[in-house]
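Engineer: The primary structure of each chain is shown beneath.
Number of protein chains: 2
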Amino acid sequence: MKIGILGTGVVGRTLGTKLVSLGHAVTMGSRSESNKAAAAWAKAAGKGAATGTFAAAAKAGEVVLNCTSGQHALEAVALAGSDNLNGKILVDVSNPLDFSHGMPPTLTVCNTDSLAEQIQRAFPGIRVVKALNTVNSAVMVDPSLVPGEHELFLCGNERAAKAKVAELLGELGWTRDRLVDLGDITAARATEMLLPFWARAMTKFGHANFNFHLAVGGPA
Amino acid sequence: MKIGILGTGVVGRTLGTKLVSLGHAVTMGSRSESNKAAAAWAKAAGKGAATGTFAAAAKAGEVVLNCTSGQHALEAVALAGSDNLNGKILVDVSNPLDFSHGMPPTLTVCNTDSLAEQIQRAFPGIRVVKALNTVNSAVMVDPSLVPGEHELFLCGNERAAKAKVAELLGELGWTRDRLVDLGDITAARATEMLLPFWARAMTKFGHANFNFHLAVGGPA
Numbered sequence: 072m073k074i075g076i077l078g079t080g081v082v083g084r085t086l087g088t089k090l091v092s093l094g095h096a097v098t099m100g101s102r103s104e105s106n107k108a109a110a111a112w113a114k115a116a117g118k119g120a121a122t123g124t125f126a127a128a129a130k131a132g133e134v135v136l137n138c139t140s141g142q143h144a145l146e147a148v149a150l151a152g153s154d155n156l157n158g159k160i161l162v163d164v165s166n167p168l169d170f171s172h173g174m175p176p177t178l179t180v181c182n183t184d185s186l187a188e189q190i191q192r193a194f195p196g197i198r199v200v201k202a203l204n205t206v207n208s209a210v211m212v213d214p215s216l217v218p219g220e221h222e223l224f225l226c227g228n229e230r231a232a233k234a235k236v237a238e239l240l241g242e243l244g245w246t247r248d249r250l251v252d253l254g255d256i257t258a259a260r261a262t263e264m265l266l267p268f269w270a271r272a273m274t275k276f277g278h279a280n281f282n283f284h285l286a287v288g289g290p291a
Numbered sequence: 072m073k074i075g076i077l078g079t080g081v082v083g084r085t086l087g088t089k090l091v092s093l094g095h096a097v098t099m100g101s102r103s104e105s106n107k108a109a110a111a112w113a114k115a116a117g118k119g120a121a122t123g124t125f126a127a128a129a130k131a132g133e134v135v136l137n138c139t140s141g142q143h144a145l146e147a148v149a150l151a152g153s154d155n156l157n158g159k160i161l162v163d164v165s166n167p168l169d170f171s172h173g174m175p176p177t178l179t180v181c182n183t184d185s186l187a188e189q190i191q192r193a194f195p196g197i198r199v200v201k202a203l204n205t206v207n208s209a210v211m212v213d214p215s216l217v218p219g220e221h222e223l224f225l226c227g228n229e230r231a232a233k234a235k236v237a238e239l240l241g242e243l244g245w246t247r248d249r250l251v252d253l254g255d256i257t258a259a260r261a262t263e264m265l266l267p268f269w270a271r272a273m274t275k276f277g278h279a280n281f282n283f284h285l286a287v288g289g290p291a
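For the record, the sequence lines run as chains H and G.
Residue 72 is where the first sequence starts when you use our numbering, and the numbers rise one by one after that.
Residue 72 is where the second sequence starts when you use our numbering, and the numbers rise one by one after that.
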């Protein structure tokens, strides 16, 4: 499949490399056409890896992954262009983290709104699915780094879009039993608000090879 | 041990009944000395159960559990009285939930502050430990309602206070392997912010017999 990636950070590069290795044609987009991190990534990732502007990546992808930092996400999607994105699935991997006050980070939006909802509201023609934002990039592409049962949480307004994203996640190793659909895009509030906990846990464990598991008993 | 409970809701009553059954002397406190819910609870719980004002419960308890609703927590602790609470452990079980906009609830404080921190700041002589706020009351007193590995998260500024609370939690079935110390009281932001997720999960599953497990791999 043709996949666009917005963002050249470790999340975009890690997902991009894995997707190229799975045979997908990945275009990594950034603010400038001559981004050095993107060029180095494409060279290392090999055949199937291309680079360009946000708009080029959005145009090239049948599915687009937003892997920008949360503070630049809305601007990046705007630069990618609704003309290039309308009708397509945008997997929002980003989190609205604010590190300006040190660790642990706070959120720039939460509680009564979320970054994914902001993107969905600003670009109503895009099929936004929130996913992958609750694990580290290494775990995103290799769930086996964390032992036992643990899950990814999806949400979005459209069932068919979530089903398509579930397929793609399956290729990364996230089998159906590891996916929990939390409902419409407003559930992104809940998963983005896991990040303060996630950051505390990372500090405690000294690494990021962990994930949440929902242990579920029978009804009362 | 002598235990005070602030609040006569299902959380206070459930914890109170279990603690009485374990042989503790529990005083349930409420706004008025003649609270009907408290009286009915004491009658059902039997020997070891007493009732009184918030102040009476705080005075009677060596350890005090705040089981009021989050919106009334600060007022309840004020009515309990710092004279009755200073130097004692207050286990803050409450969450700053706002149901006024319907389900799922939002939080009245989050991100850069938490209810537990507000209590600790307002009453610096109290040894506040945040715990038990991430599970339903039935699960609080019976972790076996949820299968497999799952944990409670503790935080507070004083190690000795957390160790004492860990002992009490052990009596409820929360063995040491099920307790995760997240650090000082500011970590209450992280655990209180799990509640929006918790509420979505409860809606999804149709019951509250679930809990979080942190699946942890080795360092990278």
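Any given hint could turn out to be false.
[Stated by the list, open to error] Some chain H residues judged to face chain G by a derived CB distance under 7 Å, without partners named:
#1 Gly173
#2 Met174
#3 Val180
[Stated by the list, open to error] Negatives, chain G to chain H, calculated, CB over 10 Å:
#4 Gly80
#5 Leu93
#6 Ala96
#7 Ser105
#8 Ala149
#9 Pro175
#10 Glu220
#11 Gly254
#12 Thr262
[What the hints assert, rightly or not] Here are the computed lysine to any residue pairs in the SDA-like style, where the Cα-Cα straight-line distance is at most 20 Å:
#13 H:Lys275 <-> G:Glu133
#14 G:Lys275 <-> H:Arg247
#15 G:Lys235 <-> G:Gly219
#16 G:Lys159 <-> G:Val180
#17 G:Lys89 <-> H:Arg247
#18 G:Lys73 <-> G:Thr88
#19 G:Lys159 <-> G:Pro176
#20 H:Lys275 <-> G:Met174
#21 G:Lys275 <-> H:Ala234
#22 G:Lys73 <-> G:Ala234
#23 H:Lys73 <-> H:Asn155
#24 H:Lys130 <-> H:Ser153
#25 G:Lys275 <-> H:Lys89
#26 G:Lys275 <-> H:Ala291
#27 G:Lys73 <-> G:Ala131
#28 G:Lys275 <-> H:Pro290
#29 H:Lys114 <-> H:Thr88
#30 G:Lys275 <-> H:Lys73
#31 H:Lys89 <-> G:Ala291
#32 G:Lys73 <-> G:Gln142
#33 G:Lys275 <-> H:Gly196
#34 G:Lys275 <-> H:Arg249
Derived by calculation from the structure, the hints in this document are not laboratory data.
Since we're looking at a predicted model, the values are computed, not measured.
C-beta: ideal position from N, C-alpha, C; glycine also.
Engineer: Does the no-contact call for proline 175 (chain G) survive, Cβ to all of chain H over 10 Å?
Structural biologist: 8 Å, violated
Engineer: When you check the alpha-carbon spacing of lysine 89 (chain H) and alanine 291 (chain G), does it fall within 20 Å?
Structural biologist: 18 Å, holds
Engineer: Given the hinted pair lysine 235 (chain G) and glycine 219 (chain G), is their alpha-carbon gap at most 20 Å?
Structural biologist: 25 Å, violated
Engineer: Could you check that no beta carbon of chain H comes within 10 Å of the beta carbon of glycine 80 (chain G)?
Structural biologist: 17 Å, holds
Engineer: Taking 20 Å as the top limit, are the C-alpha atoms of lysine 73 (chain G) and threonine 88 (chain G) close enough?
Structural biologist: 14 Å, holds
Engineer: Is it true that the CA of lysine 275 (chain G) sits at most 20 Å from the CA of lysine 89 (chain H)?
Structural biologist: Roughly 32 Å separates the two Cα atoms, so the pair is violated.
Engineer: Does the alpha-carbon distance linking lysine 275 (chain G) and arginine 247 (chain H) stay inside the 20 Å limit?
Structural biologist: 17 Å, holds
Engineer: Beyond 10 Å from every Cβ of chain H: is that where the Cβ of alanine 96 (chain G) lies?
Structural biologist: Given that every Cβ of chain H is farther than 10 Å from that of alanine 96 (chain G), nearest at about 29 Å, it holds.
Engineer: Mind checking the alpha carbons of lysine 275 (chain G) and arginine 249 (chain H) for me, to see if they're no more than 20 Å apart?
Structural biologist: 16 Å, holds
Engineer: Does the no-contact call for alanine 149 (chain G) survive, Cβ to all of chain H over 10 Å?
Structural biologist: 25 Å, holds
Engineer: Does lysine 275 (chain G) pair with alanine 291 (chain H) here, judged by a C-alpha cut-off of 20 Å?
Structural biologist: With a Cα-Cα distance of about 15 Å, the restraint between lysine 275 (chain G) and alanine 291 (chain H) holds, given a limit of 20 Å.
Engineer: Can you confirm whether the C-alpha distance between lysine 73 (chain G) and alanine 131 (chain G) stays at or below 20 Å?
Structural biologist: 7 Å, holds
In the structure shown, a violation is registered for the earlier hints numbered 1, 2, 3, 9, 10, 11, 12, 13, 15, 16, 17, 19, 20, 25, 30, 32, 33, in ascending order.
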